[in-house]
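**Q** Chains as they are written, first to last, in the numbering used here: chain A, 1 to 306; chain B, 1 to 344; chain C, 1 to 261.
If you are wondering where the hints come from, they were derived from the structure by calculation, not from laboratory data. Treat each hint with caution, since some may be false.
If you anchor each label on the Cβ, the simulated ranges turn out as follows [said to hold, decoys possible]: (1) 195/A x 191/C: 38 to 46 Å; (2) 183/A x 191/C: 45 to 53 Å; (3) 296/B x 77/A: 28 to 36 Å; (4) 271/B x 154/C: 39 to 47 Å.
Beta carbons: idealized from backbone N, C-alpha and C, even for Gly.
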Amino acid sequence: MTGPAGAGGPALAPRNELVDSSGRLRRRLLFDRAIGWALPLAFVAVLFPLFDMLYWISTRALPTFTWATLTENQVGTGGGLYPMILGTLVLIALGTALSTGIGLVAGFYTSEYAPAPVARVARIAGNLLAGVPAIVLGYFGYFLLVLYTHWGFTALAGGITLGIFMTPYVYRTADVALSNVPPSQREAALAMGSRRDQYLVRIAFPIALPTILTGIFFAMALGLGEAAPILFTAGFSSTPITSLMQPTGFLSGAVWLFYDFPSTYGSFLGLAFQAAFLSVVIVLALNVAVQLFSDRYRERLRGLYQ
Amino acid sequence: MGSAGVQPLPEPAGGEPAVPPSSSASDRSGPSLWAWVGSPLALIPLVLVAAVATVLVVASGLHNFGGTFWGILYNFVPGDPGGSSWGIGAYVVGTALTAGLALLLATALSLALSISIVVYLPTVASRILAILTNLLAGIPSVVYGIWGFVILAPFFGLTLEPSMRDAIGWLPGFGGPASAIGSWGILLAVFLLTIMIIPLTTALMREALRSVPHDLVEAGLALGATRWEVARRVRMRSARLGIWSAILLGFGRAVGESVAVAMVIGAVPRLPESLYSPSTSLASFIFYQLDSAFYYPDLLKFLVEVALVLLLISLAANVLAQRLTRTEIATATTVGAAGGLETQ
Amino acid sequence: MSATLGDVPPPDASVLTVEHLSVRAPTKTILSDISIEFPDKDVTGIIGPSGCGKTTLIRTLNRMIDTSPGLVVEGRVRYRGQDIYDRAVNPVLVRQRIGMVFQRPTVFPLSVFENVAFGLRLQRAEESTVEEVVRRSLVRAGLWNEIGNDLDQPALELSGGQQQRLCIARALAIEPRVLLFDEPTSSLDPIAAQKVEELFAELARDFAVIIVTHNLTQAARVASRTAFLYQGRLVEFAPTEELFERPRERLTQEYITGRFG
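One chain only, chain A, in its complex shape:
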């Protein structure tokens, strides 16, 4: 198969140059291969916690999970989580509306219009805000929206705080996604006489949309999981809210409030696991939704990035 190498010629060269004779190379190659097997083992650190967590949360939540969990109010140590589910949806809706409104428009501006120094400062500040611990934002919301306004704990304060928490994620993703649109698209659009806002809305935005949506969904998942800022602004309540100016319960808050009651209050722990289970389900659903959507959408844009 390799052919008659050197056929007909007398053996002259002492050794073959392309074959390792010292063994040194073999050691290097073996090491390379061993590392190639060993390093991926670190994935156990990701996969074990993920699956163990999903397994145990489901195992603890599902046996007592009924339709009533979704539809009934919490009564004493039992009942359902309806007020917390409702509250979570309201808070997430407020937070998403606020953060998408600010983040998207700010992203449009930063990626297309802002003079370089302004864009630089805005980007740094966006990253900084994302670096502020959620608990610190909770204190901020508590003083500003609960005490200074004399609102007390309200769903509105919770939603605003959550919106602040989510904003940098939406903003930075929108900016990066829009800035990453291939420059040729921009040149082509402007060369055809389209205005910059027309280019932004009709060309860049559709191209960047899957990434922006991923960012929004990710911000939603993060917001959903943050108990600290909401607890200090929306308070907690086990009855369904009827107005934004009332305190409200929410799922991650329920986990925090119910998780460490002694076992004599066993059903409290059950409620905590059910709330944890529901949060995980929502996060999983968000993940799957965005994956399906963006895969399909990107298929159509594939040619752009070749």
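Fit chains B and C to the supplied structure of chain A, relying on the hints for placement.
**A** Same frame as chain A, but now just chains B and C:
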């Protein structure tokens, strides 16, 4: 930075636009609605960061800062709730231990993971693992907390910690007595924090290693280097700023995590005797203490000061990380969406 | 398989021979049935319009093509008689014998010294050997007079032309027999490019030098034999003078007179 500009990457991961928007094009278009509305909105993050700091400073009244700041730092045991001598020493130690150890573990694991993804694993496998890693990033911290508190704690207390004590008890910190209040303590908090920051640090390191110009990788291979030698001597070397930036951002995340830590660390404001001791941290302390502070104005002021310290630490880590890598940093915030960004 | 490894090349074998080489991507053929014999201690140029496969060809010569997944290589490339695609041959050793310099300077973010020493460090060479080889390589690449007094400076601070010559020194340091250049001057300014070009005649005293270039006059200046590739096929391979002045093929004629490409 120097090497980052060598080659126009097929997928620019940076925050700077590939072509800086020129202002000339706007001359023809005139001012746009987006620019009018967008310019104040883009400054909202800046205003908010300043506002957070201002509100905290005002709310604290800074009654403990000034001359006594270092005093309260070294005063390890908090004074009586009505009194004036608060100390955050124990919280600082607890934070440094939990965040520091978690960061150490997460850095090692993330390097292994990101090198696997970039160098060794086939694309399909890396993609699946990236999706699962992102999933881990999205799981609420209360879920980590309840899992740690209910499921992991018995395993730590009955199995892991005794065997660690037997095996490596001679190491300082590993041989102390078991926790008096159960299995909640530093080790469990370190474990949770590690897996909570791994998605962030891994995604950032992966981007840093991936954005090493392909030319350099090829040059390494052309000199007869193996994949590992290229990874270590070329990729890690070229991406070192990005890697450090990832570590700093991971640190910021670990220091700021309040809820999950509060649920498993045992919440005891004392200096720990070993890794198995219960402890406390700055972030978890100001989280679980706030409702009692509603009734004690002095405690509230103290908590706000701790929040201020926490804010300063995270901002410092963040600013430093952003200084290290000008362009790649954008992925820090969008990293959860990395599943989306990376496959573009 | 390994039976052939004991076989030793005939003494008169040319240093690098390509036999019926084809490279296929899933949807198209990039190179088809190329056969060339590259002379030792001489400069060979490879020219052709962009997309003709000349970069692919040069990357098959030291198995850098392995880093592009999905490409199938057929035929043989013999280094001193030995097929480098033989299963028993390791690409790492192939690349130690057949060095490569790329289009853009690819200096590592290390000092000048460590850049040149890179390949030697991989082979765990003795420190004294390393110093000697680094010095010699820099001299041969014409850099010693310019930067020999400060080997600790970061290589990224050198000028573009110096960086490219540093890459040449780095390739020389692992003492290959063949040097491949893929458009080595296309990212340099004319003066820096000229300095690199001047090296080729010098290098050809000791190595087989193979240069891919889209710059016809460069090929005419430096190569003693030139191959013209078009659409993945070898159209003509002849002494440079002959190829440029009396091309046998009409395609070659049209290309060198600038009618396409």
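**Q** Against the structure, test the hints numbered earlier, and report the numbers of the ones violated in rising order.
**A** Hint check: 2 fails alone, others pass.
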